[in-house]
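S.K.: Here's the letter readout for the chains.
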Amino acid sequence: KQEVTQIPAALSVPEGENLVLNCSFTDSAIYNLQWFRQDPGKGLTSLLLIQSSQREQTSGRLNASLDKSSGRSTLYIAASQPGDSATYLCAVPWGGYNKLIFGAGTRLAVHP
Amino acid sequence: AAGVIQSPRHLIKEKRETATLKCYPIPRHDTVYWYQQGPGQDPQFLISFYEKMQSDKGSIPDRFSAQQFSDYHSELNMSSLELGDSALYFCASSSSESEQYFGPGTRLTVT
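Chains X and W supply the protein sequences, listed in that same order. First residue of the first sequence? That's 6 in the numbering used here, and the numbers climb one at a time after it. First residue of the second sequence? That's 36 in the numbering used here, and the numbers climb one at a time after it.
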């Protein structure tokens, strides 16, 4: 069974800090990992997809890394801004038809 | 680019009523997924379809059923609604083991 854990559960930081969000998974036989952003009561915005053959993926101030052998992924947010405040979820596909298994998320608050 | 479309965006029903949620996947995507996200929870997989056939099933109550039609749109039918069914329901689509693209969700409130 695949289990996904995210640490920390919540994070409150001043604007401008560089942040690290962690995601771990128990079954390393994954072929990709997705990071999502979710604003309160809203939909899921896909931020980054890392294929199992990749080590890193970058988009603007976001950088995600994947270490399959250790079952870990890290989302790095550079120079955080209040607009980054949201819940960040990681998810891995699992099972024959690749349903996504989500972590519980990291709730981020960036204050001015 | 076309995205996943869900309708309605908001739905209010009373207990014991029936609700139907619709999903229109991205054209040429062969797989559709349904997820349920309760308040303060992470999304939980309900059911999926590959080429119009049910491919996988999660913790979906027997009161719920779903199907995918010849035009690839999918419908999630929920009967005998309970207060605990109040949630965000997401549909996602993908093409052959690639990234899943999510719709904006339907917020169902059961009163």
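These are calculated hints, taken from the structure and not from any lab test. Beta carbons are placed, not taken as given, at the ideal position from N, Cα and C, and that holds for glycine. Take these hints with a grain of salt, some might be off.
Label-pair ranges, simulated between beta-carbon atoms [unchecked claim]:
(1) Ala37(W) / Gln59(X): 25 to 31 Å
(2) Thr50(X) / Glu86(W): 26 to 32 Å
(3) Ser57(X) / Lys50(W): 42 to 48 Å
(4) Ser58(X) / Ile40(W): 39 to 45 Å
(5) Gly119(W) / Gly65(X): 35 to 41 Å
S.K.: Would you mind marking each hint as holding or not holding in the structure?
M.R.: Here is how each hint holds up against the structure:
1. Ala37(W) / Gln59(X): 25 to 31 Å: holds (26 Å)
2. Thr50(X) / Glu86(W): 26 to 32 Å: holds (27 Å)
3. Ser57(X) / Lys50(W): 42 to 48 Å: holds (45 Å)
4. Ser58(X) / Ile40(W): 39 to 45 Å: The hint (39 to 45 Å, Cβ to Cβ) is violated, given that Ser58(X) and Ile40(W) are roughly 32 Å apart.
5. Gly119(W) / Gly65(X): 35 to 41 Å: At 39 Å between Cβs, range holds.
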